[in-house]
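Next come the chains, spelled out residue by residue.
There are 4 protein chains.
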Amino acid sequence: YGKNTIKFLRLHKEGKKQFVKEVEVCAHLRLTSPQEYLEGNNSLVIPTDTIKNIVLVLAKKNGISSLEQFAIDICHHFMTTFCQVAYVKAYVQEVPWQRLHEDGVPHIHSFICVPDGIHFCEAEQCRNGPLVVFAGIKDLKLMKTTQSGFEGFYKNEHTTLPERHDRILCGELFCKWSYGECKDFDFNCIWKKIRECILEAFAGPPDCGEYSPSYQKTVNCIQMLVLSRVPQVQIMEVVLNNTFYNVVDMKNLGLTNDKEVLVPVETPYGSCACTLGRK
Amino acid sequence: YGKNTIKFLRLHKEGKKQFVKEVEVCAHLRLTSPQEYLEGNNSLVIPTDTIKNIVLVLAKKNGISSLEQFAIDICHHFMTTFCQVAYVKAYVQEVPWQRLHEDGVPHIHSFICVPDGIHFCEAEQCRNGPLVVFAGIKDLKLMKTTQSGFEGFYKNEHTTLPERHDRILCGELFCKWSYGECKDFDFNCIWKKIRECILEAFAGPPDCGEYSPSYQKTVNCIQMLVLSRVPQVQIMEVVLNNTFYNVVDMKNLGLTNDKEVLVPVETPYGSCACTLGRK
Amino acid sequence: YGKNTIKFLRLHKEGKKQFVKEVEVCAHLRLTSPQEYLEGNNSLVIPTDTIKNIVLVLAKKNGISSLEQFAIDICHHFMTTFCQVAYVKAYVQEVPWQRLHEDGVPHIHSFICVPDGIHFCEAEQCRNGPLVVFAGIKDLKLMKTTQSGFEGFYKNEHTTLPERHDRILCGELFCKWSYGECKDFDFNCIWKKIRECILEAFAGPPDCGEYSPSYQKTVNCIQMLVLSRVPQVQIMEVVLNNTFYNVVDMKNLGLTNDKEVLVPVETPYGSCACTLGRK
Amino acid sequence: YGKNTIKFLRLHKEGKKQFVKEVEVCAHLRLTSPQEYLEGNNSLVIPTDTIKNIVLVLAKKNGISSLEQFAIDICHHFMTTFCQVAYVKAYVQEVPWQRLHEDGVPHIHSFICVPDGIHFCEAEQCRNGPLVVFAGIKDLKLMKTTQSGFEGFYKNEHTTLPERHDRILCGELFCKWSYGECKDFDFNCIWKKIRECILEAFAGPPDCGEYSPSYQKTVNCIQMLVLSRVPQVQIMEVVLNNTFYNVVDMKNLGLTNDKEVLVPVETPYGSCACTLGRK
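Residue numbers (my numbering), protein chains in the order written: chain A, 733 to 1011; chain B, 733 to 1011; chain C, 733 to 1011; chain D, 733 to 1011.
Derived by calculation from the structure, the hints in this document are not laboratory data.
One or more hints might be untrue.
Repeated chains share a single entry, so a pair holds when one copy, or any two copies, can fit it.
Below 30 Å or equal to it, Euclidean Cα-Cα: the simulated DSS-like pairs (lysine-lysine) are [what the hints assert, rightly or not]:
(1) 908 - 983
(2) 739 - 753
(3) 915 - 792
(4) 991 - 735
Same shape as in the complex, but just chain A:
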């Protein structure tokens, strides 16, 4: 199969107010015949350059009301236009431009890039199969400075880790969920709701938090809350890339360090991942 990445900006105006979407689109195609590989026969090959043109034309004609709708448009176009396409996947990712505000007043045409969790989506389809839509958030970095521990784990002669009931929980989240064969969802609204669920499940109640016995359990809490609150989500995958911090031992320096100064442990680093669906 082949893969192509295109970056572009889509502007539109409502009166004098300007709107901007900057996206990166990656289109994967697999053809019905691999003759270009086996025989060097290019007659069915759709060049990267043509794919780029199609994506830009679709952006021009349809606009980008949501990343998900745009990914659906791309899949639909390739499936209906090219009978040699056996499979298409469109991945769309957004550059997180947010409208600038001055003293609370939104600016008519100025934007700032705020990368606190990147919205992405995927639509994919096999010929004669359903069009399936996924969405997700990545590069979302979160930290809890207390209410986290790791105890009661398996021990043997290679164990040197002490049990801890008050450690830092910090990591980078990657979440991806399936909407199944969705129809007319308000994708932007659902995405925002899911992002809020993720933050709430990670952090717990604002006044006291909620104890996390492991990274794994926190992953599960996120999945459980999203599946319970957002009926459109069918399956949810969560990967948490952990950053560990060690309390610095300052005894040799004549000081008591009561979890005040910690250093990141760069190796080993770990991640835990889980995919959870509905029964």
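For chain A, the structure is supplied; the task is to place chains B, C and D on it using the hints.
Leaving out everything else, chains B, C and D in the frame of chain A:
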């Protein structure tokens, strides 16, 4: 000279509420004698490991009320403790953790990383010289979708660029300013004020913006506004790394593209820089 | 499942001659029960820290005769030691240190890092299943300045790419192959032989090269040559991330550019991938 | 001032044999008047796009016999063509393509990228001043597995580092030297000679090496050898970014680790730098 980078977390509590600073500190030292280079005599060398210990001990003892104060503390410690140090510079940079909010309620111990412009600072001192403090913001990405052009430039036989009176202005800002021999500034408050000035000068009034005839003029507007509004700033350096976008020519595709779809031009890319002080 | 990355150096001596391997190991584990996710019960969880200790102990005891043997050792250890492990995968990647030579004389203990294609491997096993070994090369950047074209491709109203019979072929290769249930292979020797096959298939005969009608066909040539020359390889996956170059149009500058000056086209960029096995 | 980066490929043929240079050029210009900053008057501004055209035209017309000569050509062009240019600096860096060999036979048109130290250079000139040329090597990673220590350093209450007489010496070198107002040097030949000196001074004799009492002393040895062997070099700056490795303590795991297994220490990391000239 030698340079050392240390990353760590500093936590503190006020009642049950937790606060966190994650910083990267880089300490530069130059010794009065280069004998370790010329003769392999290490007797004056302060090992990287010792520098790390000192930085962590200062963080433990003093806390990090502001990046600038912490950089000043480090300079002060090296100058007063080691008579073999001829010059010291402490660079401190922050990981932009922000307190999480749930429905507007601040969370007691949970944070999200929001890298929309990184706060950094520097303090430096030569033996028998003044301690000078700089602060700055970097990795601040801004865009104006209109009210920007580039016309009337120098032309010769190598010129192919057309004049444009309605282009995209987009780039990444690096700003660094000097506070001179500062005394008792509220560094955090001043930094926030300067950040607001930068955004305001870049964007112009929220309802109409302000026309920018070039990246260079926008750089100058930022400097002028900061110097006029913030008396503590002595000199300000601004570097704007430009991202250019071209309107896609869709004539061959049978469409008119009225600045709706644009692609980034990755090469050549440029930057403009200027340093401006008070008379 | 969980994933853990460990970086380390393994030294050994033969007389006064020193040998070094620097590797990055990533161990993936899936347990028979997900109770740590669902219930927060950690009693079967093997901490990242323990996994690190095990990998380092294996390196100490067994050495690293080849990356592949080390990956096999890791899989074997986890499967035989922990009955709660349902699946294990060990990924091992090498930092490409090469012995320094001075006027052709090999140095006894000095090395230079030469990243012209990175050796990696994977061993994986499900409980009660076979142990399967993969090896590969990544980050291998190659270029042909002629004997490459792209013609006869599919055309429609979105096609703007001209046909070219003398373009640059340039890209970054990722190759991964399976040895099946291997026994006593000389993994290092086979890997070198496969690397030579890849270079030969990409470049063609040294005196004239071989015409490539597409990136896809070059991918296939690599696979065909490796499968025909190296009987230990069962299946081979090749991904070629293309870098495109355009001949600069210098007509407006009064010059004829006969494929002498070219600029990289950064977007769109593409890749083509294919997996080929034996019948 | 303004800065512009351009990447391109320059091909040429001798008979059927093809040659390739891929370079990244960064041109810095400062104009005699800052009126584009202060007044928004662009009449003297040379657009990025024009600078790109000039660099490409020079590459087409002159070829790239050496990076240094090409940087000189660029400076010369801007100084003689534009009277509004007060200062010009051209930085040129090479992508390290090497000709492929099959069984020792050089290939006529195929290349492999081998980044084991990147060649770069700079030429700079102020109006009415001399044209000065620098060259250098960067991203050169070297390691000695023995014959290195660090002892006799300064100690106080913050010292926790033990003395070591047999540690790993590993780091990434950046070297930059000045040729002064050079005339007709064979820049490629001198660069290769200097690279060999750097490797020799780092490693010592191939059969036994040479003991290094510190990173600083190794930096100095490199400078001394280059200055003594290469008369064209006026001044040499060397920066060594250190990678530290710790011998893993395996006592708790019941093993003796005789400098066989080491882990990289990622923080703190340090660097030492020195500039040395002739008397």
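So, going through the hints one by one against the coordinates:
1. 908 - 983: Answer is neither; intra-copy 45 Å and inter-copy 38 Å both fail.
2. 739 - 753: Classified as both; 11 Å inside a copy, 28 Å across copies.
3. 915 - 792: within (23 Å within a copy, 56 Å between copies)
4. 991 - 735: between (48 Å within a copy, 27 Å between copies)
When held up to the earlier numbered hints, the structure conflicts with hint 1 and nothing else.
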